[in-house]
Amino acid sequence: MSEIIVLVLRVMVALALYGFLGWAFYTIWQDLKTQSEVVQGHTYPALIIRREGDAEGKSRRYVQPEITIGRDPSCDLPIPNTTISAHHARLAYHHRQWWVEDQQSTNGTFLNQERVLTPTVIVSGDELRCGQVTLTVTFDASASS
Amino acid sequence: MFFFPVPDPALPHQKIRGRLMTLAAFFVACLAAALTLAPAVRYHSFEVELRWMHWVGMVVWLASFMLIYRRVVRVLPDSDPYLLPAAALLSGWGLMTIWRLSSDYGARQTVWLVVCTAVIVVGLRFPRLLDFLQRYKYLWLTTGLLLTLLTFAVGVYPGGVGPDLWLNLGGFFLQPSEPLKLLLIIYLAAYLAQVIPLSFNFMQLALPTLALAGISLALLVGQRDLGTASIFMLVYAGVLYTSLGRKIIPVFSLLVLIGAAAAGYMLFDVVRLRVESWLNPWPDPTGRSYQVIQSLISIAAGGVVGSGPGLGSPGLVPVAQSDFIYTAIAEESGLLGSTGLAALIGLFSLRGLVVAVRASSHYQRYLAAGLSILIGVQSLLIIGGNVRLLPLTGVTLPFVSYGGSSLVVSFSALLLLLLISDRGGEDPVPLARPQPYWLLGGLLLVGLGAAIFMSSWWASWRSLDLTARYDNARRSINDRYVQRGSLLDRNGVVLNGTAGEAGGYSRFTAYPPLSPVLGYTHPVYGQAALEVTFDPYLRGTAGYPMQEIWWQQLIASQPPPGQDVRLTLSLSLQQVVDQAFAGHTGAAVLMNAETGEVLAMASHPNFDANKLDEIWDQVTHDPSAPLVNRAVLGYYPTTGGCLSPFETANAITPGAGETVPDGSLIHRLGFDLNLTGFTGPSPVATPTPLPGKVTSAPVYAPLVSPLQMAQAAASFSAGGLRPEPRLALSINVERKGWVTLPAASDPVAVFSPRQVNDITAILAVPETTLWEKTCRADDQTTWYIGGTLATWRGSPFVVVLLLEEDNPELAASAGRSILQAALNP
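Top to bottom, those sequences are chains G and X. Under this note's numbering, the first residue of the first sequence is numbered -3, with each subsequent residue one higher. Under this note's numbering, the first residue of the second sequence is numbered 766, with each subsequent residue one higher.
Check each hint, because a few of them may be wrong.
Chain X is nowhere near these chain G residues, computed Cβ spacing over 12 Å in every case [said to hold, decoys possible]:
{"no.": "1", "residue": "E(-1)"}
{"no.": "2", "residue": "A42"}
{"no.": "3", "residue": "G127"}
{"no.": "4", "residue": "T132"}
Which chain X residues stay away from chain G? Per the calculated CB distances, all over 10 Å, these [what the hints assert, rightly or not]:
{"no.": "5", "residue": "R784"}
{"no.": "6", "residue": "F791"}
{"no.": "7", "residue": "A803"}
{"no.": "8", "residue": "L854"}
{"no.": "9", "residue": "Q969"}
{"no.": "10", "residue": "V1070"}
{"no.": "11", "residue": "L1076"}
{"no.": "12", "residue": "R1198"}
{"no.": "13", "residue": "P1277"}
{"no.": "14", "residue": "G1291"}
{"no.": "15", "residue": "K1376"}
{"no.": "16", "residue": "G1422"}
{"no.": "17", "residue": "L1575"}
With beta-carbon atoms standing in for the labels, derived distance ranges [claimed, not checked]:
{"no.": "18", "chain 1": "G", "residue 1": "I0", "chain 2": "X", "residue 2": "R989", "range": "42 to 52 Å"}
{"no.": "19", "chain 1": "X", "residue 1": "L776", "chain 2": "G", "residue 2": "Q60", "range": "47 to 57 Å"}
{"no.": "20", "chain 1": "G", "residue 1": "Q26", "chain 2": "X", "residue 2": "A1238", "range": "43 to 53 Å"}
{"no.": "21", "chain 1": "X", "residue 1": "A1238", "chain 2": "G", "residue 2": "G18", "range": "31 to 41 Å"}
In case anyone wonders, no lab produced these hints; they're calculated from the structure. It should be emphasised that the depicted structure is a prediction, and the values quoted were computed from it without experimental measurement. Note that beta-carbon positions come from the ideal geometry of N, C-alpha and C, so glycine has one too.
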């Protein structure tokens, strides 16, 4: 009789031990899943940048978190215009916002007619002027990467 | 749950912490209940004293962790939810195991648990504790070093003779190298966090720490505390690697470690001893490798499911409560339990590294990393030492092993990790190089996996041959709890039996003069003779269905009750034989010539197996060798014409239609085989030349045992057939009754009937139905060979008597009286 009771207790000890480990590792795995989903939720909206005067279909769509604007051909958005510096401005996504930043350009960067002196948050539909070139920035949240 | 309430079940980590604590408490409570009932299982009865003492430990453990849990939930609600439950389960498991091994150590460890609880509860009241530790880093390190230095002057060893690594603080012992580990990690973390942002180059950063770590190391090496010294080096390298992220550090420290191991091997005997008994422990199982081999036997005895709490014998391994607690757990909870134990340690260390990665300052990050590495490395070193993956280092298993200093250090590490893990909403400080963290975590898991692999190797693959070793005392312990079967004579009279009650069974011999024949089963001196031959039946490991043996092993870690074996010996005839040549040295065999059943077998002088404890030294050194069964193991000369009856019979022309069996005479008689069945070169004796006579040609005269002679002589009484001797008739199998054992093999034809008829006519004793021959082989050997004639209508008998003296008269009279007794019972 005592043998059977002890055997049952031993089975319960094993169940408690592996229940503990199983529950611990299951919750860690769940946490991993949640974390990765949170990180996945941190995706940024794609940017659609259209130069003023361009046809409707000529706008460019950017999916990377950082876009450089300048006369230099290595820029993400190269604009061959003499009023634009080689490395004129930078658009970057961090802290869950798109920011515009002037790269110490000669003729300055303007957001909705205001000069950009410090990194500034932009919203969809903002007008951005670099030198004499005006750009319209819209977010494309539906097809984010 | 009542014991560990969750204030806000909506928060996942609060729910995880509460539920894991409840599971841990359930685990420890079931373990304690099983320990309480273990004596009832061992004795197969409730009429025994159950174990209750460890419930003191259980209650203290529960109260301690309820208190700690409530404080943590209140003060550090966002702390890591896995660290506290893992530490709780590990320490509860350890505490129950220590209580099970020794209630004295259990009581001390319980007191230490209270001290640790106080450390945590008080520590939680100081929210600035981490900053405080950081600010006075040099003070802590100096204190640790001074305390260690002190052991050189006033160090003691609490257990008697051993390394002087402890300080006596009024009855409580402190091992300063334990806190020194913690203090070094605090210092390293604080120092590195302070100087790394200043961007010195690597050498400028590392040199001051190297100097201090070197001093600590020198102290430990000076004290021969090499286990702690190796932990030190590994933890130091780990902290440097995680903080600086240079790949050169692990590579370099590996080289240093190999160099240090080689130097230690050359310089220190203790290192050489440990390394040698790690590489090859088997040649010296009773000396240097005693601990390691006993540890492996213990793990093997546990097998996959273990013997059950309180049902194994882990106390057979030296210092099971501290250095070998992993072994103790592996024996009683099996591979299943030891794998869980390693997984718990892995869980704790990995969560510690996660805490480090998420820490809100560099200092806290390095500190958390150091503490996690400490717990992981120390566990790996001692588990690896227990399972012979690594050389044995005398360090403790964190949270589990007995040892106050070690427990306080483990709980302090837990406290600091909990404090670091509750960031209070702050973001983790940026992590430049994450690689060292996941690399070290992965290495630790690989190490623990390798240890479990080794453990399962001993517990499954090597289990049978390890548990069958002569230095495994578990069989003699089982003999005290499970009744061993009896050896009975052919009429059912007990010859060797078991006396006493469960827990105190002991073996007795009812007729001591048979001791050399029947042998003994003794807890210290082992087993001999028929007790070995029939051990599987007597012990209950044979004769039962496999599943029954397996079931008994599972539920009680014991074999089923032993089975009786009925021998061919007849106690009444045995007494006659012993009487016939009492006081003389020699041997006698009385055999049924047809069946080969041995009715009596005597060897003089003999010993009393009941008194082995008192007479062991005397009988093992006695030149007359009373332990030896002369009838079987004594080989005596047959010079002086003692084989002449056989030679004469062989020379007689067989009768018409009869053929002489094939093979040489010596081969047919079975004299060319020694006991083990090997055919060796037959000894040839040269008769001593008598003065004035020509030396005769060498005569073929092998050495022959009385049993062999009886077999050969049986052919004269059984129509020329030599029977196989047999000593066991049947076995009393559970539920089947007496099962007769088959004869070993058929009789061998030695002579033709005509040859037997003619030779027995020559040897016949007038006016009887007997034949006989007395012969002196030399002045120390007299043979008597006799048996029944074919005219005898009853069972044919044959007697062989050998005296180790020149006494044909006694041999003849004694031999004949034995035969008469056999014919007229």
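Okay, the hints, checked on the actual structure:
1. Interface exclusion of E(-1) of chain G from chain X breaks down, the closest Cβ pair being 4 Å apart, not more than 12 Å.
2. Every C-beta of chain X lies more than 12 Å from that of A42 of chain G, the closest at about 27 Å, which supports listing it as non-interface.
3. Every CB of chain X is more than 12 Å from the CB of G127 of chain G (nearest about 36 Å), matching its label as outside the interface.
4. Every C-beta of chain X lies more than 12 Å from that of T132 of chain G, the closest at about 35 Å, which supports listing it as non-interface.
5. The beta carbon of R784 of chain X sits about 6 Å from the closest Cβ of chain G, which is not more than 10 Å, so the claim that it is off the interface is violated.
6. For F791 of chain X, the shortest C-beta to C-beta distance to chain G comes to about 5 Å, within the 10 Å cut-off, and the non-interface label is violated.
7. Not every CB of chain G is more than 10 Å from the CB of A803 of chain X (nearest about 7 Å), against its label as outside the interface.
8. The beta carbon of L854 of chain X is not kept farther than 10 Å from every beta carbon of chain G, the shortest such distance being approximately 6 Å.
9. Listed as outside the interface, Q969 of chain X is consistent with that label: its C-beta sits roughly 34 Å from the nearest C-beta of chain G, beyond the 10 Å cut-off.
10. Listed as outside the interface, V1070 of chain X is inconsistent with that label: its C-beta sits roughly 8 Å from the nearest C-beta of chain G, within the 10 Å cut-off.
11. Once the 10 Å rule is applied to beta carbons, L1076 of chain X is inconsistent with being away from chain G; the minimum gap is 8 Å.
12. For R1198 of chain X, the shortest C-beta to C-beta distance to chain G comes to about 20 Å, beyond the 10 Å cut-off, and the non-interface label holds.
13. The claim that P1277 of chain X is not at the interface with chain G holds, since no C-beta of that chain comes within 10 Å of its own (minimum 37 Å).
14. Under the 10 Å C-beta cut-off, the non-interface status given to G1291 of chain X relative to chain G holds; the minimum distance is some 29 Å.
15. Distance to chain G confirms K1376 of chain X as a non-interface residue, since its nearest Cβ pair spans about 36 Å, more than 10 Å.
16. Listed as a non-interface residue, G1422 of chain X keeps its Cβ farther than 10 Å from every Cβ of chain G; the least gap is roughly 68 Å.
17. The claim that L1575 of chain X lies off the interface holds: its Cβ sits roughly 59 Å from the closest Cβ of chain G, which is beyond the 10 Å cut-off.
18. Look at I0 of chain G against R989 of chain X: about 50 Å separates their beta carbons, and that is inside 42 to 52 Å.
19. One distance hint, 47 to 57 Å for the beta-carbon pair L776 of chain X and Q60 of chain G, is violated here, with the actual separation near 37 Å.
20. Evaluation of the 43 to 53 Å hint for Q26 of chain G and A1238 of chain X yields a pass: the beta carbon distance comes to about 48 Å.
21. Distance hint check for A1238 of chain X and G18 of chain G: the Cβ-Cβ separation is about 37 Å, which falls inside the suggested range of 31 to 41 Å.
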